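Sequences and hints are given; from them, build the entire structure.
In case you want the letters, here they are:
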Amino acid sequence: MCGIAGRILASPGRVGNDLVELMDAQEHRGADSTGFAIYGTPRDEGYVLRGMGFDKTGLDADMERFRDILREHGSDYLEEPVFVTDDNPHYCVRMVISDPRDIAAWIRDADTLTDRFEVQSCGRSLEIVKDIGGAVAVADKHGVRDMVGTHGLGHARLATESSVLPNASHPFWARPFSDVAIVHNGQITDYYSWRERLERKGYRFLTQNDSELIAVWVSDQISQGLTMAQALQKSIPSIDGVFTYMIARPEGIGFAKDRFAMKPLVVIEQAGELAAATEEQAVRRVFSDECDVINYDGPSLTGIWTVGNRRMAA
Amino acid sequence: MSARVVEAGQRHIREINDELQKAAAEGQEVVVTNTLSRHNLGIGLPKGAHVRFEGSVGYYCAGLNDGAVIEVERNAGWGLAEGMASGHVTVGGYAGMSAGAAMTGGTIHVKGDSGPRCGVAMKGGNIIVEGKIGYQSGFMAHSGKIIALGGAGHSCADALWEGEVWVAGEVESLGVDVNVVEPTAEEVAEVDSILEPLGLVDSSRNWRKMISGQRLWYFESRDANAWLMI
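Chains as they are written, first to last, in our numbering: chain A, 1 to 314; chain B, 315 to 544.
None of these hints come from the bench; they were simulated from the model. Predicted model, so just to flag it, every value in this text is computed and none were measured. Cβ atoms here follow ideal geometry from the backbone N, Cα and C, with glycine treated the same way. Just so you know, not all the hints are guaranteed correct.
Unchecked claim - Incomplete in silico selection of chain B near chain A, CB under 10 Å:
1. N348
2. H353
3. E368
4. E387
5. N389
6. S469
Here you go:
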């Protein structure tokens, strides 16, 4: 089933807190894992990284090797890694690094470590936090309510296509495109064939999750010259399956829905701010007064909401 | 006797519905306030119950309705009055995806538009939508009538079984295996008799009545392409 959410503020604020509310209201749609993608104030230089290691007893060795690879690419820590652990074997980490010479080349080398450590987001402003458990548990563990930014995404996962693993949670980063994240509600049925095609072009996928495909697929189309609006529209006849997905970039959030209109999307826009979710009762957590709700119930719909909520032509 | 007020808020849905059942048993009208688009409000209410929801409701409002009169002031989410056996449900605004899904009787009256697949698999009763019915409305309806006064979205009456879809206004496109037929005066009079209590009769309407083409009732290999379109 899964539940997704998007939030745009008129000016930087507690977007993390709002996304926790949006996801807590939809926890019944999937409590296997919860994740958040939050766009903070963009840095002029350096990238914020969020990552996950699968065995905390190997943390020091993982970080030593990870830093060696960073240095080989002309980068190093700007802010030391900060770790979050609990009773689970995995650990989560946040750090800020100086600009590698080439992000794609660096992440290709960093991905040689993915059997024990993986980078889950990289951006001037994007930070992806994800873990197993419900919205409040994940938020409390990672301090999501205090994360400040302009916009972001949320996801509650009911695993249908692949295992419940902390790194198989949404949102997914569009590896290696910095500052691009996606959440998806549905199932992609032809993802193996699309993944093979994209892998032949050099893209890497780290999980067996079908949704990981969409972020890379859309970003690849944009890298070939399509606008985001064109890429969203092209995804509908190109990708087979059931989907409502939202893709976020620094300038805003786009969405697309499949040809059979199988998954909901409900939006409230008010005074330059926006909340989008799978269920209306979730957006009402953010806008509790009775107000106009836009139901994107039809088939083959796309749209883009820009930060500051000026709607771009989709 | 003035209506009893039940506040929804963030209370457990079972607690709210228990109070609605209790009021129904006592013959008391109810107004539900602060609905916050909550799901599963007013499920399985019996004949004699009269409930009005202020604001908007979430999924499955009035589901399994068993004779109650239910009003929603503004919008309803997905699956309005799903599986309704009898009763009368009115929505002041928009009704989301699959309104009246698998209903077997009773009446749904939507004053705004409806979402996609309105009346999906319905097996009886009537759905009246003053606005436009969404994509693929009437999908696999077995019986009953969907009456749209403001047009229909794409793939209208797709794979209809034995129900009828009546549309005044533009139909964006027809679904698979649909016959558009000229209604007889008696049939129009029957539809008008459904609209009459709602004050919606207008003799100037140019009706399109959609029924099953019956090609999908039995599989024949020459119809394989039609099946593949579903």
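Right, here's what the structure says about each hint:
1. N348: holds, 9 Å
2. H353: Since the shortest Cβ distance to chain A is 6 Å, the answer is holds.
3. E368: holds, 8 Å
4. E387: Given a least distance of 9 Å, the restraint on E387 (chain B) holds.
5. N389: holds, 6 Å
6. S469: holds, 8 Å
In terms of the numbered hints stated before, the structure departs from none.
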